[in-house]
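Asks: Work out the full structure, taking the sequences as your base and the hints as a guide.
Heads up: the protein sequence lines correspond to chains C and Y, in order. Add 8 to a position in the first sequence, counting from 1, and you land on the number used in my numbering. Add 8 to a position in the second sequence, counting from 1, and you land on the number used in my numbering.
Just to be clear, a hint being listed does not mean it is correct.
It does not matter which identical chain is meant; a pair holds if it fits inside one copy or across any two.
Claimed, not checked - Using 25 angstroms as the maximum straight-line C-alpha spacing, the simulated SDA-like pairs for lysine to any residue come out as follows:
#1 K357 <-> L243
#2 K179 <-> K572
#3 K677 <-> R656
#4 K179 <-> A631
#5 K69 <-> K391
#6 K677 <-> A621
#7 K179 <-> E639
#8 K645 <-> Q619
#9 K645 <-> R618
#10 K247 <-> G457
#11 K572 <-> D272
#12 K118 <-> G255
#13 K677 <-> R129
#14 K645 <-> A611
Calculated from the structure, these hints are not laboratory results.
Number of protein chains: 2
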Amino acid sequence: MAVTNTRNLSGNRFELDSRVGREEASVKWTRRREMVRWALIVAVAVNGGAASLNLMPAPWKATVGTGSLEIDSGFRVAAKGYSDARLEAAMARLALRISRQTGVPLVRNKQVQPALLVECREGGNPYPTLGEDESYQLDVAPEGAHLRAQTVTGAMRGLATFAQLIEPGEKGFQAPAIHIEDRPRFPWRGLMLDVSRHWIPVEVVERNLDAMAAVKLNVFHWHLSDDQGFRVESLRYPKLHQLGSDGHFYSQAEVRHVVAYARDRGIRVIPEFDIPGHTTAWFVGYPELASAPGPYAIERTWGIFQPTMDPSREATYAFLDGFIGEMAALFPDPYFHIGGDEVEDTQWKNSPAIRAFAREHQLTGSRAIHAYFNRRVQALVKKHGKTMIGWDEVFEPGLESGTVIQSWRGQASLAEAARQGYRGILSYGYYLDHMRPAGFHYGIDPQDGAAAALDARQASLILGGEACMWMEYASAETVDSRVWPRAAAIAERFWSPRNVTDLQSMYTRMEVASRGLDWVGIQHRRSYASMLDRLTGGQTSDAVRVLADASEATGIEVRRDARKYTSLVHLNRFVDAVRPESETVRRLEQAVGRAGADSAELAELRAGLRQWADNDARLGPLAEGNGFVSELKSLSKNLAAVGSIGLRALEYLEAGKAAPEEWIAEQMKALDAMEKPNAEVVLAAVRPVRMLLNAVSITGNKISKRG
Amino acid sequence: MAVTNTRNLSGNRFELDSRVGREEASVKWTRRREMVRWALIVAVAVNGGAASLNLMPAPWKATVGTGSLEIDSGFRVAAKGYSDARLEAAMARLALRISRQTGVPLVRNKQVQPALLVECREGGNPYPTLGEDESYQLDVAPEGAHLRAQTVTGAMRGLATFAQLIEPGEKGFQAPAIHIEDRPRFPWRGLMLDVSRHWIPVEVVERNLDAMAAVKLNVFHWHLSDDQGFRVESLRYPKLHQLGSDGHFYSQAEVRHVVAYARDRGIRVIPEFDIPGHTTAWFVGYPELASAPGPYAIERTWGIFQPTMDPSREATYAFLDGFIGEMAALFPDPYFHIGGDEVEDTQWKNSPAIRAFAREHQLTGSRAIHAYFNRRVQALVKKHGKTMIGWDEVFEPGLESGTVIQSWRGQASLAEAARQGYRGILSYGYYLDHMRPAGFHYGIDPQDGAAAALDARQASLILGGEACMWMEYASAETVDSRVWPRAAAIAERFWSPRNVTDLQSMYTRMEVASRGLDWVGIQHRRSYASMLDRLTGGQTSDAVRVLADASEATGIEVRRDARKYTSLVHLNRFVDAVRPESETVRRLEQAVGRAGADSAELAELRAGLRQWADNDARLGPLAEGNGFVSELKSLSKNLAAVGSIGLRALEYLEAGKAAPEEWIAEQMKALDAMEKPNAEVVLAAVRPVRMLLNAVSITGNKISKRG
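Replies: Laid out in C-alpha cells, this is it:
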C-alpha cells in the first residue's frame, strides 16, 4: 500500500508553496467579491438601519428595527416557562460575558424585570444530539428582548447571537432593535484539536469550547492518541497513559469534566483513538500490540511512522475490545472515531506471520489487510453501542452503512461515499495548521465540487464539516492564535446560508468576532503582545511588533523543512507569535484599493509605508546579543526595502504618472524574492506594495489620481 | 473635631492641581538626576559586564561575572539540605514562571542535575514574621547557580531575583553570571488594597500577591470594611456581611485561603476594620452600634460620612470584643489594624447621651472622645493577643507603647511618634489612587524630612511603609493597572539602599519589571488593549490607542469633581483604560533630550509627532453614534494640535534657528490650556512639545542642531 504523508501535507489543492496557494486563493476571492451580496446586508439596507450587524455566523434572516435596548447594571436574563439547569447556567454565562464585554457590573436583583426573556419549549436531550433542533427566533426592541427556541440548545445559539449584538452607542452599551430567525445549515459543525503532538491542559480545552459555543460550533473532535502521546487515563490498560504520555494525559475525571463542560454549551465530544497506524505511543506500554517486536519509545519527531498494530493476532482485538468498551462508557456520544488514516505498511510487509495471515484470509495487499482490520474494529465499536467514524481511508467495501466518513481528501470522496449511502463530513480545506487565510477556508463548501452533482437525498448525507488543528507547530500557548479567529469563518460556512460568501463582509465581521473572543477567554490577542515582549526580554518591543504586524506565520509545509523540529524544540520564536493573517496588511490593501478616491487613504498608506521603511533602524539595536531578534535581521531589512519601494510608487501615484516599465519590473522581481519565507514567516507587506506597483504601471494602472 | 476629607485628597504636598504637582515633582527629579549614581551600576561598570541588569528592587550588592547560565527544558531547581513544603512550592512556582516567561516547557526529570541549587539553613517561622531574616546570596555561573539563605523567606526573595535575571541571549534564554548579596532596608514593605469601595474577587487578590512577591513586598494590608461595604463573613455577627456587602464578601474559608496563599509567598496579611468612622456598612445590619438611630443603607458615594460608632454604650465594646475575638482567630498575624481615621463628629455632637457621657468622663471635645474609644479598643485588641495599628489619628496621649502608627500625613508625624517611642510606617506619598508618576513616589523616603533628624534608635522605629490603593475609581478590572508597575518603584524604595535614586535607571528597570508581571498573571498590560477595543465595539481601535498612549489618567482629585460618581457608575470609559503614566510620552521626552546629538532620535520624534497630528482624522469616524469615543473629540483635536505645534518646533530645531518669541509664547499658552484635564485624562503629549519649544526659544535653547 503506497502511503504518503498527505494528511499532514497537502491534498489536491493544498499546494506546497504557500505563496502560490495564496495567489490562487486571491484570484478566487476577487471572483467571489463580484458575486451575490448576502441576504443580511440586503435586509439591513431595506430597513434603512444604520446598524452594522457584526454577527458571525450570519443569521438566516435579520430585519433591523428602530431604536435599541440599553444594557445597564440592571440588565437581567430570565427564562419564561420551561427551564432547567443547563439553561440557567447558559443564562448566567451570558450575564458574565456581557459584564466582561461591556465593563458593566450586572447587579443580581431578581426584583428587576428581565430585559431578555428566554422562552424554551423543552429541554431537548440533556446530552446534545446530532440533528437536534438548534433554531431560535430573537426579537430585540427598546423595551426588552425575547428569545424563543424549541430546545435549550437552540436557546443557547440565540444567547450567543444576543451577546454579539451588543455594541457601544450614544449613551452606553446597547443591542439594536432587530428581528432574527435563525437555524443551522449543517447539523455537524466541528473543531478537531490534536492534543497528542503538543499537549494542552484542560483550561485551554475549556476556553476553546467557550469560543466554539460563541460561534455556534457543536462538535468537539478530540484527537487523543497519536505517535507522540497517548492522552487519556485508561484504568484497564494503565501503561497506555503511564508510559505513553510523559505525564501529560487527562484523568477520567477530567474527561468527564470536559464532556460535561461541552454538553452545557450544546457541544458534543467525539473522541478519536487513531488505529492501526499513528500508534507508537500505545506500544511504549504494550509492545505486543505492534506488528514488529519492541521496545518502542514516544515519537519526538513529525511524520508517518512504521509502528502499526498487528492485525493478525486475536490478542489485538481482545485488547481493543476491552479498550473501546472502557472508552465507550467514558464518552457518552454515540459516535466513536477510530482514525484509520495513513497506515504505513512496512511492518506488515516485513512480518512473516502477517504475510501468512493475509494469505490465509485471502487479503491481497496492505489495503485489504487494513479493510479487514477496520471490519473487526467496527464490530467492536458496534458491540459497545457506538457508530464508527473514520478518515477517508476507512471507506472500503464491506463498511457498515451507518459509518461516517471524515474526508481530508475533498468533496469527491464525500460524494462517492454519499452515492453509496454513507454519511460524511468535510475537513478538506479546513486544516488550520496550514496557516491559510480565513478567506481560503471560507471559499470551501462541503457541497461544492463533485458534491454539487448529488441529488437531494444524497446531499443530505453530507452532515457538515470540521476545522482541524494538527499540533506539530502549536502549543498550549499558541493554539488559540492558530485556531482563532479563522475557525469563526469556517463556523459561518457550516451555519449560514450557502450564498453568504462576501469576503469583505466576512473579514469585517471576523475581526469583530475575534475581539469578542477576548471576552470568552481566548488568548490569541493577549498572548500576541506578551510573546513579542518576551523576545526582547521586557524591553520595548515596538519595532518587533511592526515587523510582526507586517508578517504572516507559515504552516506545516514550510516549517517542516525550515529546521530540524522535534517535540522538544520550543515554540517561543517570532514565527510562533506572528499571526497566520495580517490585519494591518489587509487594511493597507484596502487603502490601496481606495487610494484614488480618498486622500485620507493616501495619508494612511503613506504613514504605513513610512513606518515600514523606518523600522529596521529601530529594530537593529534590539538584535544585539539576542538570537530571537537577530534571526529577523534580513526579514527586517526586507520590510524596510518594501516600504521604500511603496513610498516611491506612491510618489508616482500622487503625481498621476506611470512609472517606467523597467523600474517596475525590477521592483516586482525584488518583491518576489522578498516574499519567500524568511525566519519561517512570509512578508505580507509585499502584497499592498505589489498592488501599488500595478497601479502605477502603464498596463496595469487602474487607479487614477483624483484625491 | 474639625475633620476634612484629607486622606482621600491630599496631604501637605499632595496638591489639588495635578499639573502643579507634576511640575514640582519634575523639578525634584531633575535635581536628583544629578545625584550619586547607584552602587549597582558602578559594580557593573567596574566588572566591565555588558549585561543590563534589569532587577527591581535593585540588590544591595551585585558583581557581574563572565558568561551566562542557559535556561533550557532541562532547567531544574532543587533544595540542598533543609527543605519544606513552602520551599518546594516556591521552587515549583519559579519553574512555572520561568516556563511562562521564556516559553520553554520545563521537563520534569529528577535525573537531571539541578541548574539552581537552593541552600537554606532553616524554615524560619512558618508564618512570616516582622523582622525575620530575608537576606540571601545568589551566585550564577555558566555551570549552575547557587542560592543561599538563612530562612525560606530569604530563599524566596532570591528566587524572585533569579526570575528577573533571565533574559534572551544569543542561543536562547539565559541568566548572566553574577554574584549578588542582598537584604531588605526596611522590614515592613506593604501594599494596601481597599476592597470595600469596589469589590475584588479572590483571584484578583491572588495575582496581586504574586506580583508583590515578585518585587519583594511582604505585607498585604487588607482594608476590609468601610462605608461602602463590609467584606468578611462573620459567623458571630452574620448581618455584617449579609446586609453590608451586596453579596460581595470573602467567606472565612476564602480568607484562610488568601492568608495561606500569602504566607506561602512570604507575605503577612494584616486585616483592617476601620472604626469608629467609615462604618456605615456595619450599621445596615446593626444600627444599634451607631451614634444616631437608623436605619442605615450601604453608602453609594464617596467621601466622609456621618455614621460613627457610639463610644458611650458598653454594648458597642461588647460587640467589638466578640468581633475582634472572631477576627483575631481568623487572621494569624500579630498585628491588627483598627483604622481610626477621619472621624466625622456630627453624630457625637448631636447626641445628648454622648454629650452626657463625655461630661461624665471628662472628655473635652471629639478628639478626646475618639482617644477614649481607641483606648477601649486597644484593650480589646490586646485581650485577643494582638498589637494594634492605626492611622495618624490614633496617635494621642495614653496610647500603648507597642502601637504602630501608619502615617498618611508625612514623615513629621512618624518622627514625632518615634521620639515618643512609637513605631511607624509611612504611607504619605505612596497613595497610588492619586495617579502620580512613579518618580514622584520614588522620591519619597520614610527617613527623609523630619525623620532625617532622628537618632539611630529612633530611626529604627520607622519600620518601612505601604503603598495604598483606595478604590473609589478602580474596579477588579482596572486595579492591576492602577497598582502596577508603580508599586514596583515603591517596593524598591523600601528594599534597596537609600542612595538608589537614579530616575532614569528606575524607569528603565520598572518598564522591564512591568512586562515581567505579565508572567505572574497581572493584567495591567493585557487589559489595556481589550478595554480600548471595547470602546469601539470590536472595531479596530488603533486611533483610540494612539490617543490613550498620549494621555494619562487622572486620580481622585480630578475625578471626584468631574462628574457625579457613585459606586454604580461603570468604570469602563477611556479614562479607566488609560494608564497613570505614558511610556510613549516618556520616550519622546528622552528623544527631545537627545535630539541634538542623534538624527535617529529626530526621526523617531518626527514620526511620533506626525502620528499625533494625523490621529484626529482617524478617530473621527469612530465617534459616530458612539458616546465612549465622542467624549474624546476635543481631547483628540488637542492631540492633533499638539502634534502640529511639535512639528513646527522641530522645523526650527532642524534649521538650527530660534523661533520667534511671540510665536513661542502663543504656543506655550495653547499647551497650558490643552494640558488641563479633559475627559478626566491629562494630555501628556504636551510635555515633550513644551520641551521642544524651550529648545527653540532664544532664552531656553539648550539643543543645537548637530545631527
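Asks: Please go over all the hints and tell whether each is borne out by the structure.
Replies: Hint-by-hint comparison with the structure:
no. : hint          : verdict
1   : K357 <-> L243 : neither (33 angstroms within a copy, 74 angstroms between copies)
2   : K179 <-> K572 : between (56 angstroms within a copy, 16 angstroms between copies)
3   : K677 <-> R656 : within (16 angstroms within a copy, 40 angstroms between copies)
4   : K179 <-> A631 : between (47 angstroms within a copy, 12 angstroms between copies)
5   : K69 <-> K391  : neither (44 angstroms within a copy, 72 angstroms between copies)
6   : K677 <-> A621 : within (18 angstroms within a copy, 36 angstroms between copies)
7   : K179 <-> E639 : between (49 angstroms within a copy, 11 angstroms between copies)
8   : K645 <-> Q619 : both (13 angstroms within a copy, 23 angstroms between copies)
9   : K645 <-> R618 : both (14 angstroms within a copy, 23 angstroms between copies)
10  : K247 <-> G457 : neither (45 angstroms within a copy, 69 angstroms between copies)
11  : K572 <-> D272 : neither (42 angstroms within a copy, 42 angstroms between copies)
12  : K118 <-> G255 : between (47 angstroms within a copy, 13 angstroms between copies)
13  : K677 <-> R129 : neither (64 angstroms within a copy, 68 angstroms between copies)
14  : K645 <-> A611 : both (23 angstroms within a copy, 18 angstroms between copies)
Checked against the numbered hints above, the structure breaks hints 1, 5, 10, 11 and 13 and satisfies the rest.
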